[in-house]
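Colleague: Take a look at the letters that make up each chain.
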Amino acid sequence: MAGSGVAQLRNDDDIVLSVKNLVMEFKVGRDEIVHAVSDVSFDVKKGETLGIVGESGCGKSTTARSIVQLPKPTLGEVMVSSEGDSIELTGLKGDALRKVRPKLQMIFQDPISSLNPRRIVREVVKEGLTIWPNGMSSQQIEDRVDEVLESVGIDPEIAANRRAHEFSGGQCQRISIARAVALDPEILICDEPVSALDVSVQAQILNLLEEMKDKYGLTLLFISHDLSVVRNVSDRVVVMYLGKICEIGSSDTIYSLPAHPYTRVLLASAPEPASTVDASESAIGDDIPSPINPPTGCRFRTRCPSAQTLCADKEPEMQKVGDDHFVACHFPVINN
Amino acid sequence: MKLNLITTRRGFRDLSPQDEDSSKIDDKKREKRKIGFGFWVSIVWMILVILAALLAPILPISDPDQTGVGGRLDSPNWDNWFGTDTNGRDMFSRTIWGSRISLTVGFFAIVFGFAVGGPIGIVAGFFKGATDKLLSIIIFILFAFPGLVLALLIISLIGQTLAVVCLTVGIIGVAPIARLARAITISTAEREFVAAARILGSTNRRIMIREILPNVTIPMGALAFLGMALAIVGEGGLAFLGLSVEEGFSWGKMIVLGSASRTLQKAPWVSMFPIGIMFLTVMSLNYAGDRLRDFFDVREMGIGGG
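Read top to bottom, the protein sequences are chains A and B. For what it's worth, the working numbering labels the leading residue of the first sequence as 853, then goes sequentially. For what it's worth, the working numbering labels the leading residue of the second sequence as 123, then goes sequentially.
Derived from the structure by calculation, the hints contain no laboratory data. Check before you lean on any hint, since a few could be wrong.
Here are the simulated lysine-lysine pairs, PhoX-like style, with alpha carbons at most 20 Å apart [as the list claims (entries may be wrong)]:
(1) Lys250(B) x Lys924(A)
(2) Lys879(A) x Lys924(A)
(3) Lys872(A) x Lys924(A)
(4) Lys945(A) x Lys250(B)
A few chain B positions that, by computed beta-carbon distances, are all more than 10 Å from chain A [as the list claims (entries may be wrong)]:
(5) Leu177
(6) Pro182
(7) Trp203
(8) Val286
C-beta: ideal position from N, C-alpha, C; glycine also.
Model the full assembly from the supplied sequences, consistent with the hints where possible.
Modeller: Here's what the structure looks like:
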């Protein structure tokens, strides 16, 4: 169940992004606080794709936003490593933060809102390089823009004199990807990048992301509520519930041997023909509790089929239940 | 590899990105975006008025200050199209010359209002927080201060020159302009392309100029037309109070001259022609501004709907 702890963090050299004890709280009204993200920790290795799944409102987008410091998290650490340097983002301000930004790029859910309707698409893609020319001549910048546009499948000629509204949603998402990779980032955060697209276009964009990952050596953080999409793109998966991590592990493990009751419920409720979990487990009572007053102990206990008194008293810590498989639950389902 | 599973299963692998062509949707949108015949009529009228004002010195019209061009209070005739006033001056010529001050006030008041109100609104809407509170207080004070009293104060203290009249009308425009700029900025700043610019590493200044400003300009441009119309009427109002420019004459001052009760009874054309021309100009500005706003609203909707 939704819990804390850092047992899931690995201690390898090739960790590119490490999020530790991330807390994001928003004040609403006079003295109410929304606990959007509470004590979340995970890490991503170079070249890996980490998927984050969960219901809407579970804090997955807020996690993404606080990684890029928009807005800054209330507490916690976000370490980005590249070429041997590790930089902690939450302590950075102003220009120091701006200088690190190119390493972490992001793609948003709404492809049309992601692009300025008043600017020429080519200019949009060029924007990052205009800010950070990094010693490139203007000709080199133009060449680089051509290259990234071509690699996402947009004709640079067409992009040179059109605005975003003249492209379809899928094409806009391609342009957003081009803008993000133009800066040669270390990590690409994809916040529901295909949720607003038609199914046919979704597949194209997912394939494109995979191509881009190989071509530009990207590390992906892939956020989606769509279980099958996450399964298809991710090497590792984080399951979130009400601002906490429930379960983290390799994609195959999570989908074939879900140990957390919430993961099991989530998988069972997905309209997937071949489910590994009995459909009767998908019966989940009540709505998701309010993040203003989250349940004590385990946050999932109010809807959990196997909740007991311990769950209300004590918050479960992350514990290892298998090879690269961690669960925050007092009563994980291990033997299947 | 894993990915090909879903793509081939769904059979869409052959679709190239160009297949999701949007040109058809685009044509439909264009059709909806017609701005209408009335808009162009308004524009033509405005161009005519502006050209006449600019070219007044070289147009073959009589000197507007020359008395005795016709009789006193002649009705419109072939020599004096708009008739003559109490001093026998040609009303047609005076209407054209009078437009110069009215249009100047209309134009520069709005330029001033936008130059001051626009940045205030954008900065307030962009930074929010304390900056916004402070600037909003200034806007509220400007709103709360009666415009007429402000105008009286400034003009009687500094003087009745053209620059002061422009400035006065402009100051009255600052508050509503700033408020609108702030509202548009707030809604624009929430959109994801602003977050994207920040993630790229844009400075605040760059975001305001490159991302926000272009999105604020167009809806504000439509307001500029409406504002100009209001400024022209405002100058007319000041003239009625004897607060318009001392030197020269504007439509407002001509209307005042023609509205003396005896003149109005005997020779209504002395006031009616400047009123009529001013009415048509103000209406054109209003209509064009309105059409522009609608036009761009449709565009926005088109963008939103993808």
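Colleague: Mind verifying the non-interface call on Val286(B)? Its CB should be farther than 10 Å from each CB in chain A.
Modeller: Holds, since 36 Å exceeds 10 Å.
Colleague: Between the alpha carbons of Lys250(B) and Lys924(A), is the straight-line distance 20 Å or under?
Modeller: holds, 16 Å
Colleague: Since Leu177(B) was said not to touch the interface, does its Cβ keep a gap of more than 10 Å from each Cβ of chain A?
Modeller: holds, 35 Å
Colleague: Regarding the assertion that Trp203(B) does not contact chain A, is the least Cβ-Cβ distance greater than 10 Å?
Modeller: The assertion about Trp203(B) holds, with a minimum of 46 Å to chain A.
Colleague: Beyond 10 Å on every Cβ pair: is that true for Pro182(B) relative to chain A?
Modeller: holds, 45 Å
Colleague: Checking one constraint from the list: CA of Lys872(A) to CA of Lys924(A), max 20 Å. Satisfied?
Modeller: OK: Lys872(A) and Lys924(A) at ~14 Å, within 20 Å.
Colleague: Is the hinted pair Lys945(A) and Lys250(B) satisfied, with a Cα-Cα distance of at most 20 Å?
Modeller: holds, 18 Å
Colleague: Please verify whether Lys879(A) and Lys924(A) have alpha carbons no more than 20 Å apart.
Modeller: Holds - the C-alpha atoms of Lys924(A) and Lys879(A) are around 14 Å apart, at most 20 Å.
Violated hints: none; the structure is consistent with every hint.
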